[in-house]
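Going down the list, the protein sequences come from chains A and B.
Positions 1 to 284 (the working numbering) are the ones given, in order, by the first sequence.
Positions 1 to 370 (the working numbering) are the ones given, in order, by the second sequence.
No wet-lab data here; the hints were simulated from the structure.
Backbone N, C-alpha and C define an ideal beta-carbon position, used for all residues, glycine too.
Any given hint could turn out to be false.
As the list claims (entries may be wrong) - Calculated lysine-lysine pairs in the BS3-like style (CA-CA distance at most 27 Å, straight line):
1. B:K50 - B:K222
2. B:K104 - B:K50
3. A:K282 - B:K222
4. A:K222 - A:K236
5. A:K25 - B:K258
6. B:K100 - A:K89
7. A:K282 - B:K258
8. A:K168 - A:K192
Claimed, not checked - Here's a subset of chain A near chain B, in silico, CB distances under 7 Å, partners left out:
9. A24
10. I279
11. A280
12. E283
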Amino acid sequence: MAQTLTETAGSLEAMTPVPYAVAAKRQDTYDTWTLELEPQNGAPIVPGPGQFNMLYAFGVGEVPISNAGHFETEERLVHTIRAVGAVTKALCAAEVGTVIGVRGPFGNTWPIEDAKGKDVVIVAGGIGLPPLRPAIYHVLKYREDYGRFVLLYGARTPSDLLFLDEVKSWQRDYDVDLDLTVDAGDTDWKGKVGLVTKLIPPAQFDADDARGFIVGPEIMMKFVAQELMNRDLPAKSIYVSMERTMRCGVGLCGHCQIGPTLVCRDGAVYTWDEVENLIAVKEL
Amino acid sequence: MRAVLAPEALEAIVEVLRRRDWRVVAPTVRDKAIVYGEIASAAELPVGWKDVQAPGSYRLERRGDEARFGYAVGPQSWKRELLAPSVRLLQIERANGSFKVAKKAAETARTAFFGVRPCEVAAIKIQDRVLIGGPYADEDYLERRKNSFIIAVNCGEPAENCFCASMGTGPKAEDGYDLVLTEILDGSHRFLAEAGTDEGAELLAELPQQPAEEADTAAAEKVTDTARERMGITLDRSDVHELLLANLEHERYDDVAKRCLACTNCTLACPTCFCTTVDDANDLSGGAGERIREWDSCFTAQYSEMHGGGTRRSLQSRYRQWLIHKLATWNDQFDTQGCVGCGRCITWCPVGIDIREEVVAIRVTQEAKS
Chain A
1 MAQTLTETAG SLEAMTPVPY AVAAKRQDTY DTWTLELEPQ NGAPIVPGPG QFNMLYAFGV
61 GEVPISNAGH FETEERLVHT IRAVGAVTKA LCAAEVGTVI GVRGPFGNTW PIEDAKGKDV
121 VIVAGGIGLP PLRPAIYHVL KYREDYGRFV LLYGARTPSD LLFLDEVKSW QRDYDVDLDL
181 TVDAGDTDWK GKVGLVTKLI PPAQFDADDA RGFIVGPEIM MKFVAQELMN RDLPAKSIYV
241 SMERTMRCGV GLCGHCQIGP TLVCRDGAVY TWDEVENLIA VKEL
Chain B
1 MRAVLAPEAL EAIVEVLRRR DWRVVAPTVR DKAIVYGEIA SAAELPVGWK DVQAPGSYRL
61 ERRGDEARFG YAVGPQSWKR ELLAPSVRLL QIERANGSFK VAKKAAETAR TAFFGVRPCE
121 VAAIKIQDRV LIGGPYADED YLERRKNSFI IAVNCGEPAE NCFCASMGTG PKAEDGYDLV
181 LTEILDGSHR FLAEAGTDEG AELLAELPQQ PAEEADTAAA EKVTDTARER MGITLDRSDV
241 HELLLANLEH ERYDDVAKRC LACTNCTLAC PTCFCTTVDD ANDLSGGAGE RIREWDSCFT
301 AQYSEMHGGG TRRSLQSRYR QWLIHKLATW NDQFDTQGCV GCGRCITWCP VGIDIREEVV
361 AIRVTQEAKS
């Protein structure tokens with residue numbers, strides 16, 4: 001009886017880290033680095049926009065990190081990592097040539113096809129920009145397939161803003177309605193000061209025919225979603241990327257549960273409609 | 001295929017299985033509890049023992065007869081044979097600036113589980129669903145599961161904390177076994193044996209046996225009917241999903257948090273709890289690393305730890321996570337229930353928290369409101 005289990009069992013190919021070498025490395029802010037990774041053998045995996053990989057630092061451990069690069073043309077995997085724990089610190093300390101392990105890609109994707117022909121409103125908070133970057137690249141590449149493109153980006157301080165030159169080049173070259181803000185400015189900051197939610201009321205988009213993508217801390221996503229709904233964008237048209245502890249990335253370890261859903265398997269991208277009531281419950 | 005076996009035929013079961021290279025694991029008495037261990041003879045079964053269970057309490061007592069399966073379930077479940085408590089998943093060695101990953105060698109020890117209760121058969125089916133029934137499968141679990149042979153034993157002696165009748169998982173196993181036995185103690189001590197698979201039928205054919213008469217099947221039916229009546233229905237699962245999800249902020253969780261010690265016993269004893277963590281380590285030279293997968297528990301603070309702190313810092317939220325997962329959100333996640341009513345979480349809770357009572361406490365206020 002038990003022998004027949006193999007025929008119905010799921011894939012066994014997900015649990016072994018594949019060696020990738022750090023091909024290039026850039027420091028983005030005081031605590032954030034971007035790594036470009038090349039496989040030591042064969043072609044790189046091709047993650048969809050919004051998917052994540054499990055990155056393994058030798059002997060230290062493994063963490064889920066969103067893909068941050070082009071997902072169609074890139075020869076390398078791109079991950080932007082903030083050094084906050086033992087594993088992310090080890091990954092950020094990896095020099096060019098260092099080999100790290102990669103498992104993936106896992107999780108679902110931003111609805112970039114569904115958003116075609118519509119206005120796209122992207123709201124990012126701090127380290128929330130990199131998980132959105134593959135979707136941004138796609139919209140920029142096929143710019144004429146989409147309507148207005150609003151990009152609202154906020155961070156705690158000016159030194160927390162990522163890819164600022166690149167972000168400004170998007171505005172310049174691709175007709176992006178860009179607005180930036182920081183929670184607290186410094187002496188050099190000439191831009192807006194305040195929460196990213198304040199950028200939403202003046203933003204120009206057609207709520208009847210738009211899609212909103214949000215990534216940031218949960219509390220930020222909650223208030224941003226609320227502001228977008230105040231602009232009559234339906235909860236079903238608003239997408240967020242959720243974050244929870246993960247050990248396996250493939251629905252087996254149990255850690256990433258939020259009530260009825262497993263973030264690694266059913267997410268990390270959800271409509272606001274799907275998670276609003278779950279997030280509303282403290283410590284669920 | 002169906003037959004009647006004398007108690008002595010159990011020895012033949014062990015003998016035939018061992019001759020066919022099966023490692024036979026069965027209930028045995030150790031440290032004043034019934035635990036699962038490898039046996040070489042049916043004489044090692046807990047002959048004449050019963051277990052007396054209550055919330056936070058477990059005692060073995062003599063029965064006064066020669067029953068081989070006159071007890072319910074002990075602290076361990078078959079989970080430890082299939083989802084092993086600790087498994088080295090990977091061995092990773094540095095080599096020429098890169099690393100080589102060696103997967104753990106496939107588990108090939110063929111193991112016969114002798115004496116699997118219907119609630120545990122149900123638990124194995126649930127873990128099959130979770131660990132190999134999704135888009136990705138746990139390889140170690142799959143290998144162990146493929147190399148398992150299940151001899152179920154229907155229940156005639158439910159313990160105080162048993163509630164499989166409430167969960168629809170017992171006291172009679174309907175499927176999921178190779179061979180099932182019902183122990184009949186009505187004067188003439190015998191077993192009704194029924195094969196569930198071809199392999200089970202092959203084993204049965206090798207055993208000394210008598211044909212099963214109508215009186216034997218009726219007697220076996222009576223054993224499980226009596227057990228079912230004795231248990232009654234102590235947890236109403238008809239609306240428990242809606243009940244728990246409609247009361248996520250219920251004050252009962254404050255109350256249970258005052259009693260719960262977050263010791264994780266319930267999750268370790270539970271036959272369906274499947275959460276694991278991985279521990280990556282390297283040797284002192286830094287040249288070799290390994291990844292160990294171990295049981296984890298949603299009752300620990302580390303379980304939900306992320307940058308910026310844990311998702312579930314309070315005990316209220318951890319008990320709630322466990323309770324709603326067992327009785328509600330498991331169904332949403334895996335399209336199968338998460339609790340089989342074995343009662344281990346009640347017996348092995350050091351302060352005797354009873355999952356059934358907690359549900360009742362929430363239900364009472366719900367009914368008062370409506």
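Each hint, compared with the structure:
1. About 20 Å separates the Cα atoms of K50 of chain B and K222 of chain B, which keeps this hinted pair within 27 Å; it holds.
2. Proximity of K104 of chain B to K50 of chain B is assessed by CA-CA distance (about 40 Å); at most 27 Å being required, the pair is judged violated.
3. Between the alpha carbons of K282 of chain A and K222 of chain B the distance comes to roughly 49 Å, so the proposed pair goes past 27 Å and is violated.
4. With a C-alpha separation of about 14 Å, the suggested pairing of K222 of chain A with K236 of chain A holds against the 27 Å cut-off.
5. Distance check on the hinted pair: K25 of chain A and K258 of chain B sit about 50 Å apart at the alpha-carbon level, beyond 27 Å; violated.
6. Restraint check for K100 of chain B and K89 of chain A: satisfied, since their Cα atoms lie roughly 23 Å apart, inside the 27 Å limit.
7. Between K282 of chain A and K258 of chain B, the direct Cα distance comes to roughly 19 Å. Compliance with the 27 Å bound is thereby established for this hinted pair.
8. For the hint linking K168 of chain A to K192 of chain A, the alpha-carbon distance of about 15 Å falls within 27 Å, and the restraint holds.
9. Against a cut-off of 7 Å between C-beta atoms, the interface hint on A24 of chain A is violated, since the closest Cβ of chain B lies about 17 Å away.
10. Interface hint status for I279 of chain A: violated, as the beta-carbon distance to the closest one in chain B is roughly 11 Å, over 7 Å.
11. At a threshold of 7 Å, the smallest CB-CB gap from A280 of chain A to chain B is about 9 Å, leaving the interface hint violated.
12. Using the Cβ-Cβ criterion of 7 Å, the hint placing E283 of chain A at the interface with chain B is satisfied: the shortest such distance is roughly 3 Å.
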